[in-house]
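The lines below spell out each chain.
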Amino acid sequence: MTYLLSSLVNGLVFGLLLFMVSAGLTLIFGMMGVLNFAHSSLYMLGAYLGYSIGRWTGFWPALLFAPLVVALIGAFIERFMLRRVHRHGHAQELLLTFGLALIIHEVVKLFYGPYPVEYAVPAELAQTAFSANGLNFPLYRLFIGAVAVSMFVCLFLLMKFTRVGLTVRAALSQPQMVEALGHNVGLVFLFVFAVGAGLAGLAGAVAGAFYPTGPNMADDLGSIVFVVVVVGGLGSLEGALIASLAIGLLTTLTVGLDWTLAGALAPVGLSEWASSIGGPFTITLSSLTGSLPFIIMLLVLLIRPAGLMGERA
Amino acid sequence: MKRALLIGLYACGGLLLLAPFWFGDRYANLAIRMMIAALFASAFNLLWRQARLLSFGHGVYFGAGMFAVVHLMRAIEAGLNVPLILAPLVGALVSLVVGLVFGFVATLRSGAYFSMITLAIAELVYSLGPRWQGLFGGEAGISSMRMPSMGLNFATLNQVYLIVLLWCMVGFGILWFFAKTPLGQIAFALGDNEQRLRFLGYRTHAVKVVLFALSAALSGLAGGLLGITAENVDYTVFGPASSAAPVIQTFIGGADMLLGPALGATLLTGFGNIFSDVTRLWLLYQGIAFVLVVLFLPGGIAGSFATGKRVSWGNAAVNAFAVLLSSCSLIFICESAAVLLSDAYMSRRAGQGGAWVDYRLFNLDLAPLSPLVWGLPLLVGLIGVALSWKLSESGRTA
Chain A
1 MTYLLSSLVN
11 GLVFGLLLFM
21 VSAGLTLIFG
31 MMGVLNFAHS
41 SLYMLGAYLG
51 YSIGRWTGFW
61 PALLFAPLVV
71 ALIGAFIERF
81 MLRRVHRHGH
91 AQELLLTFGL
101 ALIIHEVVKL
111 FYGPYPVEYA
121 VPAELAQTAF
131 SANGLNFPLY
141 RLFIGAVAVS
151 MFVCLFLLMK
161 FTRVGLTVRA
171 ALSQPQMVEA
181 LGHNVGLVFL
191 FVFAVGAGLA
201 GLAGAVAGAF
211 YPTGPNMADD
221 LGSIVFVVVV
231 VGGLGSLEGA
241 LIASLAIGLL
251 TTLTVGLDWT
261 LAGALAPVGL
271 SEWASSIGGP
281 FTITLSSLTG
291 SLPFIIMLLV
301 LLIRPAGLMG
311 ERA
Chain B
1001 MKRALLIGLY
1011 ACGGLLLLAP
1021 FWFGDRYANL
1031 AIRMMIAALF
1041 ASAFNLLWRQ
1051 ARLLSFGHGV
1061 YFGAGMFAVV
1071 HLMRAIEAGL
1081 NVPLILAPLV
1091 GALVSLVVGL
1101 VFGFVATLRS
1111 GAYFSMITLA
1121 IAELVYSLGP
1131 RWQGLFGGEA
1141 GISSMRMPSM
1151 GLNFATLNQV
1161 YLIVLLWCMV
1171 GFGILWFFAK
1181 TPLGQIAFAL
1191 GDNEQRLRFL
1201 GYRTHAVKVV
1211 LFALSAALSG
1221 LAGGLLGITA
1231 ENVDYTVFGP
1241 ASSAAPVIQT
1251 FIGGADMLLG
1261 PALGATLLTG
1271 FGNIFSDVTR
1281 LWLLYQGIAF
1291 VLVVLFLPGG
1301 IAGSFATGKR
1311 VSWGNAAVNA
1321 FAVLLSSCSL
1331 IFICESAAVL
1341 LSDAYMSRRA
1351 GQGGAWVDYR
1361 LFNLDLAPLS
1371 PLVWGLPLLV
1381 GLIGVALSWK
1391 LSESGRTA
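Chains A and B, in that order, give the protein sequences. Counted the way the numbering used here counts, the first sequence spans residues 1 to 313. Counted the way the numbering used here counts, the second sequence spans residues 1001 to 1398.
Derived by calculation from the structure, the hints in this document are not laboratory data. Here the structure is a predicted model, which means the values were calculated and not measured. For glycine and all other residues, C-beta sits at the position ideal for the given N, C-alpha and C. You may find that some hints are simply not true.
[To be verified] Just some of the chain A residues that point at chain B, by a computed CB distance under 10 Å:
(1) Met81
(2) Gln92
(3) Ile104
(4) Tyr112
(5) Asp219
(6) Gly222
(7) Leu298
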């Protein structure tokens, strides 16, 4: 029971973190058609900047400045790089962000070395939120969850009830028409890209203190974020939220399960035969946790290619 | 006269291809790596050049071929009677099957979705790799030895080179020929306008699956050749780096020409071989070169020669000079940063009470706080950029 409860909360928090990163990605894709390969690199930059700025100013100001800097980097990428290759098509934009991800990875390794840095949780949050049956639950996890939820609420209110949000939503579906009505769509794109980058940076600055901040964090998260976006349906915030939570919960809930295919065959009496074959039959579910998101994605694609909330392809 | 010249050119090319056979192991090894990279990148580009499908997970098919061949070589060691020269074919066949299965799923979607799915499939295989001990050999991988066959003992790499050369010729021949077949032409049409092709009654998904499987099979052929050369393989071959390599090489070389990827792969493998001994920043430079090519040379190196636009030799020379200036300054600044940020330099500083002691680079003793050390390279670099900019501006107005 305790295991289930703590796994549920852990999964929820990890899912919310996934959502913080994938929200920007899915917005940018829905609006500009750009699949930003460097998005998880911006998340990593957020973590490293949070660490570096935090050494000068302390944790809380860094939490404000790191996302701002990442948003500025995002704005620069959009204005001076993406816009330049836009006329060559979406594939060229994708390649550009792919190259940027490579560069960011190497630059981070150049500045911070190949090993994780000691980006620590601040003392006031490094406590136990509650203990149940001898299992301590860190307060910082709740903090990550709270940041993600408040971010989602802000984003939702911004998109739903302000003029800016209205323009953004209009530009999402009909960019030419919005431009014809006299809105500066280029500026809207710049804004969305910068905000998306800033959100990834915020997620990095918050999560980096809890999870390891190393040069591989972009690669580790990046492919899962793509899974979230494909499963949720590209361009759909709600889909991204549902998919993030589902994947977050599934990956944490399966960590403790040692089910195998051989075990699953026990009711039909094939268990021993399967165990003797070994290979895929004796891999435990817990060791497959890392692969699970990708298996889910392949299943979703086979059953519902457009994703949970996506429009028909 | 022209004909004689062409024949002479072909003969020279043929001799050049055979040359590594007579040089030492190091050159044979380099030549083998270049040819394998060239074949792999070209196989990857079969999907992009014709059907506009951008795969970010081709390391899977390369790795599948490599594993298949190393497993086969172990079987040969145990007494199976298969000539070594046929081993890469087995790699290609295994990758063909793997490519059919994964290709069926991946090609359900096009565009950015396709890229993401291929990437996720690669991640899936990469994450399974260390778990499946029997097939992938866990963290240590599996290894084997080349057994003598057909009167050759394959103890040295220049004998292996002959096998690589043969199969690469076959691979490139298939790629060249496939583009001319009706199916290859349909694949081109698929890249231009898939919807229209579907309206015309073609089963576009089937075409994409076949194309994907062919591309996977040729990648597997390349992987199999590397399996024979390296004699061992572990699951890291499925990692992001081996899927990224053909993408980078293809687009730097020029994706819209048949031999563009081969050019890029040969150049980058060669440079990588030289530079990765000298600097640990080679991957950074490669990434920067890739982004610059994407930004300023959308056709890649081969494409920029084939645009048909006449460029005067003077302009080309000035442009090359400008690029040289800015790359020298970039390299100097990056290498300086690498030295100054290294642990070794930090501990030297700590030994001197935290002072910014001189550092050594390119046989020069440099003071880290001197404005000259940073200002001069910056100035040179800016001159290079400005020159290049000026040229492209004047090219646009003319």
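request  = Let me know if the C-beta of A:Leu298 comes in closer than 10 Å to any C-beta of chain B, holds or violated.
outcome  = With a closest approach of 6 Å, the A:Leu298 hint holds.
Status of the A:Tyr112 interface restraint (C-beta, 10 Å, chain B) = 8 Å, holds
message = So, as I understand it, the hint says A:Gln92 touches chain B; can you test that by seeing if any CB pair is closer than 10 Å?
response = With a closest approach of 6 Å, the A:Gln92 hint holds.
request  = Please verify that hint: A:Ile104, Cβ, nearest Cβ of chain B, below 10 Å or not.
outcome  = 9 Å, holds
key: Hint validity - A:Met81 Cβ closer than 10 Å to any chain B Cβ   = 6 Å, holds
task = Using 10 Å as the Cβ threshold, decide whether A:Asp219 counts as touching chain B.
result = Holds - the Cβ of A:Asp219 comes within 10 Å of chain B, reaching about 6 Å at its closest.
query = Against chain B, is A:Gly222 within 10 Å by beta-carbon distance?
reply = 9 Å, holds
Going down the numbered hints, you'll see the structure goes against none, and every one checks out.
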